[in-house]
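Colleague: These are the residues of each chain, in order.
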Amino acid sequence: MKLWWGIIPAMIVLFGLLGYGLTSNPKHIPSPLIGKTFPQLVGKDLTGKDITLGNTKGRPTIVNVWASWCVSCRAEHRVLVRGAKAYGSKVDLIGINYKDELPDAQRWLSNFGDPYLWSYQDLSGRAGIELGVYGVPETFFIDAQGMIVKKIAGPLTDETLREGVELITRSDVAAAKE
Amino acid sequence: MQGFSTTYLIELGHLAAFAALIVIAFMAVAPILAARLNAPALARSGVNASFVVLFLMTIGGATLMYAFIVSDFSVKYVADHSNTLLPLLYKVTALWGGHEGSLYLWAWVLALFTAILAIQGRHRFPLRLPVLLSVQAWLLLGFMGLILFLSNPFERLLPGVVEGRDLNPLLQDPGMAFHPPMLYLGYVGFSVPFAFALTALITRWETPLWIGLIRRWALFAWTVLTIGIMLGGWWAYYELGWGGYWAWDPVENASFMPWLLGTALIHSITVQENRRMLQNWNLFLAISTFALSLLGTFLVRSGVLSSVHAFAVDPGRGLYILLFLGAVLTISFGLFLARGRTDENSEAIGSLMSREMLFVLNNVLFTVLCLCVMLGTLYPLALEAVNGAKITIGAPYFNIVMVPLFLLVILLMGIGPATPWRKADVNKLAKRLAPSLVIGVASAIALMVFSTAAHWTAPVATGLVMFVLATIVFDFSRNAARRARQAKESIAKACFSMVKRNRRYYGGMIVHFGILVIAAGLTGSGLFRSELVVVMAKGDVIELAGERLRFDGTRQFKKDNYFALQGRFALLGTDKVLTPERRKYPVQEAPTTESSIDGNLWRDVYVVIGEAIDNRFSVHIYVNPLVEWIWYGGGIITFGIGWSLSQRLREKRVAVTSNKSMAGSQV
Chain A
1 MKLWWGIIPA
11 MIVLFGLLGY
21 GLTSNPKHIP
31 SPLIGKTFPQ
41 LVGKDLTGKD
51 ITLGNTKGRP
61 TIVNVWASWC
71 VSCRAEHRVL
81 VRGAKAYGSK
91 VDLIGINYKD
101 ELPDAQRWLS
111 NFGDPYLWSY
121 QDLSGRAGIE
131 LGVYGVPETF
141 FIDAQGMIVK
151 KIAGPLTDET
161 LREGVELITR
171 SDVAAAKE
Chain B
1 MQGFSTTYLI
11 ELGHLAAFAA
21 LIVIAFMAVA
31 PILAARLNAP
41 ALARSGVNAS
51 FVVLFLMTIG
61 GATLMYAFIV
71 SDFSVKYVAD
81 HSNTLLPLLY
91 KVTALWGGHE
101 GSLYLWAWVL
111 ALFTAILAIQ
121 GRHRFPLRLP
131 VLLSVQAWLL
141 LGFMGLILFL
151 SNPFERLLPG
161 VVEGRDLNPL
171 LQDPGMAFHP
181 PMLYLGYVGF
191 SVPFAFALTA
201 LITRWETPLW
211 IGLIRRWALF
221 AWTVLTIGIM
231 LGGWWAYYEL
241 GWGGYWAWDP
251 VENASFMPWL
261 LGTALIHSIT
271 VQENRRMLQN
281 WNLFLAISTF
291 ALSLLGTFLV
301 RSGVLSSVHA
311 FAVDPGRGLY
321 ILLFLGAVLT
331 ISFGLFLARG
341 RTDENSEAIG
351 SLMSREMLFV
361 LNNVLFTVLC
371 LCVMLGTLYP
381 LALEAVNGAK
391 ITIGAPYFNI
401 VMVPLFLLVI
411 LLMGIGPATP
421 WRKADVNKLA
431 KRLAPSLVIG
441 VASAIALMVF
451 STAAHWTAPV
461 ATGLVMFVLA
471 TIVFDFSRNA
481 ARRARQAKES
491 IAKACFSMVK
501 RNRRYYGGMI
511 VHFGILVIAA
521 GLTGSGLFRS
531 ELVVVMAKGD
541 VIELAGERLR
551 FDGTRQFKKD
561 NYFALQGRFA
571 LLGTDKVLTP
581 ERRKYPVQEA
591 PTTESSIDGN
601 LWRDVYVVIG
611 EAIDNRFSVH
621 IYVNPLVEWI
631 WYGGGIITFG
641 IGWSLSQRLR
651 EKRVAVTSNK
661 SMAGSQV
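Line by line, the protein sequences give chains A and B. Count the first sequence with my numbering and you get residues 1 to 178, in order. Count the second sequence with my numbering and you get residues 1 to 667, in order.
The hints are simulated quantities; they were obtained by calculation from the structure and are not laboratory data. There may be inaccurate statements among the hints.
Claimed, not checked - Under 10 Å between C-beta atoms, here's a sample of chain B residues computed to sit facing chain A: (1) 277; (2) 280; (3) 298; (4) 325; (5) 326; (6) 330; (7) 336; (8) 340; (9) 378; (10) 591; (11) 611.
Ideal placement from N, C-alpha and C gives every residue a C-beta, glycine not left out.
All chains, please: the whole structure from these sequences, using the hints.
Modeller: Take a look at the structure:
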C-alpha cells in the first residue's frame, strides 16, 4: 500500500496553494474596462441639465462614483475637495451620484462642498451596471484620449489620488509626443 | 443607558473564556503529564475538566448573547452586527452573524461535544478516554487561541456608540439564522470520529473495537451537515432572488466536500462492522472528513477564495488558521502513515459481485466526487499562482463532472442493498432486479415520448430514480410478505413490526428514499424550469409554462429596520397573490430583493420585482417544477437517520466487547 504516501505531496500542494492564496487579494479583480474608452451615457446632472457622461476626450478626467448614504464616501470627500483644488487646472473631476435620492445628494454637496465639475444622476444605478460598479465609492481615471487607465474600488487617499492624476496626465504627455 | 451591570457581565464572560482556555490547555497535556508523572488520577481529571470548559464557555456565550439582547454597543462585535431596531430573533442570531461570533459558536459546539463524549466514555471506554479528550482539547485550544488573540468577540468599544451598524440584511432571515449553527454542528461532529481515529493510532486501539462507537457520531454529524446545507440552499432560493438554490460557489463547495467524504465514511463504517474490512480506509476517511471540515472553515474564514460570501479578510487570522490546519493535518496524517498500516489483517474481498464490493465502489465514487469539487474550488487559485489569471469555475464544469458521477451513485443505490454480502449469485440477482429495471427503462422512455426533454440527463435520471424506487418498494413488499407468512401476521402489521425491528436497515432505506425524492426535485427544477424577464405595467397579464400572472401595482411601506416596495401579482385561476419586495435597509445601506413564491407539490411560481422604469417594473418570473421535493427529501432523510439511530442495541454489545478486550490487554 505505497499509495498512502501520496498524501504527502498532495498536502504539500494544498498548503502551497492556500499559502499563496493568503498572500493574494481576492478582492482585487481587474476591471475589464481598463484600456477601453469610457462608455458614453446620456442623462441629467443634479440640477436637471442634460449632459453626456464619457464625452471627455481632450482632457484627463477622473470619474468618481459616490452616494450620500455611503459612509466611506464621507471620508473620501475631504480627499476629493483637496484634490479638486490641487489638480483642478490639469484634470476634470466628474461625479456619478449612484442609487441616491436627489434631495439627499444636493444637501450633501451643499453641506460638505462640491468638488465635482458636475455629477451625473444615476438614481436607478443603471450607469453603475454599465461601468461594472459593485461598491461605492469607486473611481475611474481616464486619460486625454478618453481611455480608462486605472480603476480604484474603495475610498481614495491623497496618495492614491495623486498617483492616479500623475498616471493620466503623464500618458497625456506621452500621447502628445507621439 | 448601558449601566454598570452590563459592562461587568461582558467582562465576566471574557474572563470565563480566558479561564476556559487555561483549563483546555491543562486538558490537552493531562494524559501526557499523567504518563510522565505516573499519576493516573491526572488522566481521569479530563472528564471533569471538559465539564468545566463547557460551563465557562457557556457563561462567555451567554454574556455575549445578553449584550446582543440589551444592545450593549460598548461591545465592538455587537456594535458591528446589531442595531436597536433589529427584531429580537435576529439580535440573538446576530451572535453568529459575523466572523468572531461564528468562531465562538464553533468552539462552543466543540466543547459541548467534548463534554458529551466524556459522559459517554466514562464507563464505556474509560482507558482511552483521556487521550480522546486530549485530542479534542488540542483542537479546542487551537480555536480558542484564534478567538481570544485574533478574533475576540468580547473586545470593547469604549466609549460605546449610540447605534449599532446592524446585521447584514441578507442574514436577517430564518433560514440564514439557523444555517450556520447546523453546518457547525456537522463540521464539529466529525471531530469525534477524528479524535477516535487519532486515539486509535496513538494507543494502538484496534479499529473493530471502536468503529461501532463512531457510527452514531458520524451519522449525527452527517445529518446536521445535510440539514445545514439544505437550509443554505433553501435560503439562497427564496432570499437571493435568482431562482436557483445551488451555485457551486467556493463556500458552498467548502461545506459540500466534508459532506461527500462523510457520506463515504458512514457507508464504509457499515462494511467494517459487518465484514471487518477497510480498517485503514476508515481511519483515513475519519481523518480526512474532519480535515475537510477544517479546510472549509479555513476557506470561509481566511478570505482565500473570492466568493459571494464575502467575509472579513484578515491576513493574520488567515495565517493562524493555515498554520493550525497544517499542524492538525501533518500530525494526523503523519501518525496515520507511521502507524496506520500495521494491522493489515483484514479479510480480502472475495467476489466482485458482493455487497462489500459495491460499498467499495460507493466509496470510490464519493471520494472522486469530493476530489472533483476540490479541484474545481482550488483550480482558480492554482491558475492564479501559475500565471496570475483570475477566473472563476462555475456550474458548467461541475454539471459536466458531477452529474454523471451522481447518476452512477443512484444506480449503485439500486443494486447495492439488493446484493448479499460475500458473494452474490449473479443470476439470482439479475432476476431480482429485472422487474425494477423494466420499470426504470419504461419511465425513461415515457419521459422521452411525452416531454421535450432538455438534456440527455433528464430521461437517464428519471429512469434511474424510478429503478431504485422500484427496488426499494419490491424489496420491502417481498420482506413484508415473507414476514406475514412466517409470523402469521396481517401484511400491515408485518410492515410495521419489520420497520420497527430492523431500524438500522429500514432507516437507511428511508434515507435512500429521501435521496431519490431530492434527485427527482433536482431533475425537475434543474432541467425543466421556465424563466422570463418582462417589463410590466399595472394590469398586464403574462403567461409562463401555463401559469398566468396579473400585475396589480405596487405599494411602499416602512417596517422595523427597512423600507419596502411591494408588488402585487394575482395568480389567475386561483385566489393566490404573490407579493415580491425590494427592501432598503438604511443602516447597512444595502438593498435586498424578497422573492415571492407560490409553491405546491408540482411547481413553484417564483416572482422577483426589479427596477421601476416610468411606472413600469421589470419582473423576473420563474416556474420551477418539483423544487419543493428537494426540501421534502431533506425532511425524509432526517427522519430516516433518526429512525436508524433509535436502534441502540447493537452498539451496546460492541461497547461491552471493547471494554472486555481492553481490560485484558492493559494499555
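Colleague: For every hint, state whether the structure bears it out.
Modeller: Taking the hints in turn, this is what the structure says about them:
1. At about 14 Å, the closest approach between the beta carbon of residue 277(B) and any beta carbon in chain A exceeds 10 Å, and the interface hint on this residue is violated.
2. For residue 280(B), the interface hint holds, the least distance from its beta-carbon to any beta-carbon of chain A being 7 Å, beneath 10 Å.
3. A hinted interface residue such as residue 298(B) counts as satisfied when its beta carbon comes closer than 10 Å to some beta carbon of chain A; here the least separation is about 7 Å, so the hint holds.
4. With a least beta-carbon distance of about 8 Å to chain A, the hint placing residue 325(B) at the interface is held under the 10 Å criterion.
5. Interface restraint check for residue 326(B): the shortest CB-CB distance to chain A comes to about 6 Å, inside 10 Å, so the restraint holds.
6. This hint holds: residue 330(B) has a C-beta 7 Å from the nearest C-beta of chain A, less than the 10 Å allowed.
7. For residue 336(B), the shortest C-beta to C-beta distance to chain A is roughly 8 Å, which falls under 10 Å, so the interface hint holds.
8. Nearest Cβ of chain A to the Cβ of residue 340(B): about 8 Å, under the 10 Å cut. The hint holds.
9. For the restraint placing residue 378(B) at the interface with chain A, the shortest Cβ-Cβ distance is roughly 6 Å, inside the 10 Å limit, so the hint holds.
10. Interface restraint check for residue 591(B): the shortest CB-CB distance to chain A comes to about 8 Å, inside 10 Å, so the restraint holds.
11. For residue 611(B), the interface hint holds, the least distance from its beta-carbon to any beta-carbon of chain A being 6 Å, beneath 10 Å.
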